[in-house]
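Residues per chain, in single letters:
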Amino acid sequence: MRKVAIVGIGTVPWQMRNADKTFRALALQVAKKAFEHARLPRSAVDHVVYSIYCETMLRQQIPSILLQDYLGFQGLSSLRVEAGAATEGYALAAAYAQVAAGLSDITLVVAVQKGGDFYDFETRSRGDGFQNGLAISMDTTWLQPVMPGVPPMLTTFCLAPHIERYGGPTPEQLAMVSVKNYDNAYRNPEAQLHQKVTVDDVLNSRIIAWPTTTRMCCLYSDGACAMILASEERAREITDKPIWISGIATSSYAIHRAEAGSIGRMMGTHIAAGRAYKMAGVTKPSEEIDLAQVHDLITGTEIMAYEELGLCGLGEGGRLVEEGIVAPDGKIPVNTDGGRIACGHVGGVSGAYGACEIVRQLREEAGDRQVRIRNGRGVMQCIEGHASLSAVAVLERG
Amino acid sequence: MSAGKPQPPLELAYSDWKPAYLYSLGELSPFFREVRDNRRLLASKCPRCAKVWMPPRGDCPDCYEENEWVPISGEGTVVSCSYCYFKGHGIDLVGYLDLPYVYALIHLDGTDTYISHGVKPPSQKMGEVRSGTRVKVEFKDHRRGTLGDFYFVPLG
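Taken in order, these protein sequences are the chains called H and U. Positions 1 to 398 (the numbering used here) are the ones given, in order, by the first sequence. Positions 399 to 554 (the numbering used here) are the ones given, in order, by the second sequence.
Keep in mind that the hints were calculated from the coordinates and are not lab data. Hints may contain errors.
[Said to hold, decoys possible] Pairs of lysine to any residue residues, derived as SDA-like cross-links and limited to a Cα-Cα distance of at most 25 Å, are as follows:
#1 U/Lys534 - H/Gln370
#2 U/Lys449 - H/Met267
#3 U/Lys416 - H/Leu143
#4 U/Lys449 - H/Leu143
#5 H/Lys33 - H/Val371
#6 U/Lys416 - H/Thr22
#7 U/Lys416 - H/Gly72
#8 U/Lys523 - H/Ser205
#9 U/Lys416 - H/Asp139
#10 H/Lys21 - U/Leu408
#11 U/Lys485 - H/Thr123
#12 U/Lys485 - H/Thr140
#13 H/Lys33 - H/Gly72
#14 U/Lys485 - H/Trp142
#15 U/Lys534 - H/Leu143
#16 U/Lys416 - H/Gly116
#17 U/Lys403 - H/Ala19
#18 U/Lys523 - H/Val371
#19 U/Lys534 - H/Ala260
#20 U/Lys523 - H/Lys33
#21 U/Lys485 - H/Arg24
#22 U/Lys416 - H/Arg126
#23 U/Lys538 - H/Met267
#24 U/Lys538 - H/Leu143
#25 U/Lys485 - H/Asp139
#26 U/Lys518 - H/Thr140
#27 U/Lys523 - H/Val199
Generate coordinates for the entire structure from the input sequences, incorporating the hints supplied.
Below is the structure:
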């Protein structure tokens, strides 16, 4: 297999709703930025991967046909990937495979999703519209009729049993993750929120599903970003700062098949991380990883991700935030962009944005929020709604 | 296009894209028919490995054998739950379960996996339903053959 590097990224600010652009124009905007970042002509691309999670949100089925035309890729091959909110990781894996196998020299990954056009005309609420529209993406037979939403589901299946088994994280530790991510977003000009919150603010915000409060839940957004992947030979021609995908893996471990061994864990992440680390030659992640972008759909899943990614032992995740290890000046900063809690979230995009953030940090192009790079290695993790589908990628400079 | 002050984007209201279904419950029909007609829960058991699946499934994913239906009592134990103060789209048990909505994983007696469902708490006070709480199924008066035709209440 050939080595594969990310040689360019394109991002735009997160917004709760971007009514000024359709999904097509958003896609073109980020692709254009990625080409500018890589200093590459559009004609250099020979394959395109679309990371698009939900058609209902776009009010458009089979959107990749329209995008391939709108972006001017007549005659090129393309692939649309869909894996819930893990779509980004699966899309990156698909793009990696294409280049590693020698089927493509330069592949463009375009992640785009709008959710803000959903509307509930009875309650005059976009949030309600979003919930209603999203409901059909849950198991319509065994979950949707009784499940109140994704944060309650993750709390009941993952966080609550985890707390029961390991005695943590505590509500205060869960709130500290929010405070950290809000602070990080404050320094990210592309973040949706630029606010500061305290532990008390977070604990006193409305309870969604105890112990998860509103401020411990992700935002929902319109978003887009793009990445350009190149083979080793082309990557070295294009940039002197290639960021290699040294490990990448996906895993499906149905948490809704609830059993003693599956609840309270994110086994898919554990398994995918093991594979990705093996591929990258990482044996002690807590010592060899400089920074991580993880799936903070609720702050509980961020803390559990520390553990499943091997940044600490099981049950020790809360300590990492309490001791500042995951803070920007800590040993392993996590979600330096502000994460899904304060930067922005929509399935299909936020994990890709996380990969772009790691690229920025490893290239030392992160401006005010640049963290210290020691090993030159970061890890990206994303999960689908139930935490059943997981993707983990190890990115490396050098 | 005339010059002048910038106009906001034009927005169209759509609520017409509502596909309708006559949705077949297929191999799960015996379960939902039993719920609708007889107020009883069934689980599915693999004839080879004897694992009892709840929620039921037509086939055993471990053995690829067609499962058999077995009756269960409808009583069980909460293994995990959270008190939800968020009325998402999922709660269609209006009049039966309101907020706080206790969303729970329940280990039903005689089964080997957990079903997630709503539990009606004894009062508004948080924490009365917790892991270890014994519960039993209650059926709604009007049932049509969905998971929302029933819910759980603490025993005794």
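Evaluation of the provided hints:
1. U/Lys534 - H/Gln370: This hinted pair is violated, its Cα atoms lying about 55 Å apart.
2. U/Lys449 - H/Met267: Holds. Lysine 449 of chain U to methionine 267 of chain H sits at ~21 Å (cutoff 25 Å).
3. U/Lys416 - H/Leu143: 21 Å, holds
4. U/Lys449 - H/Leu143: Holds, because 21 Å separates the two Cα atoms, which is no more than 25 Å.
5. H/Lys33 - H/Val371: Measuring from Cα to Cα gives roughly 23 Å; hence the hint holds.
6. U/Lys416 - H/Thr22: Roughly 22 Å between the alpha carbons, so the hint for lysine 416 of chain U and threonine 22 of chain H holds.
7. U/Lys416 - H/Gly72: Since the Cα atoms of lysine 416 of chain U and glycine 72 of chain H sit roughly 32 Å apart, the hinted pair is violated (cutoff 25 Å).
8. U/Lys523 - H/Ser205: 18 Å, holds
9. U/Lys416 - H/Asp139: 18 Å, holds
10. H/Lys21 - U/Leu408: Satisfied, since the Cα-Cα distance of roughly 11 Å is no more than 25 Å.
11. U/Lys485 - H/Thr123: 13 Å, holds
12. U/Lys485 - H/Thr140: Since the Cα atoms of lysine 485 of chain U and threonine 140 of chain H sit roughly 17 Å apart, the hinted pair holds (cutoff 25 Å).
13. H/Lys33 - H/Gly72: 15 Å, holds
14. U/Lys485 - H/Trp142: 18 Å, holds
15. U/Lys534 - H/Leu143: 19 Å, holds
16. U/Lys416 - H/Gly116: Holds, at about 18 Å.
17. U/Lys403 - H/Ala19: Distance of about 17 Å is within 25 Å: holds.
18. U/Lys523 - H/Val371: 45 Å, violated
19. U/Lys534 - H/Ala260: Holds, at roughly 21 Å.
20. U/Lys523 - H/Lys33: 53 Å, violated
21. U/Lys485 - H/Arg24: It is violated: about 33 Å lies between the C-alpha atoms, which goes past 25 Å.
22. U/Lys416 - H/Arg126: Status holds; Cα separation ~18 Å.
23. U/Lys538 - H/Met267: 36 Å, violated
24. U/Lys538 - H/Leu143: 18 Å, holds
25. U/Lys485 - H/Asp139: 18 Å, holds
26. U/Lys518 - H/Thr140: The given pair, whose Cα atoms are some 22 Å apart, holds under the 25 Å limit.
27. U/Lys523 - H/Val199: 24 Å, holds
Hints 1, 7, 18, 20, 21, 23 from the earlier list are contradicted by this structure; the remaining hints agree with it.
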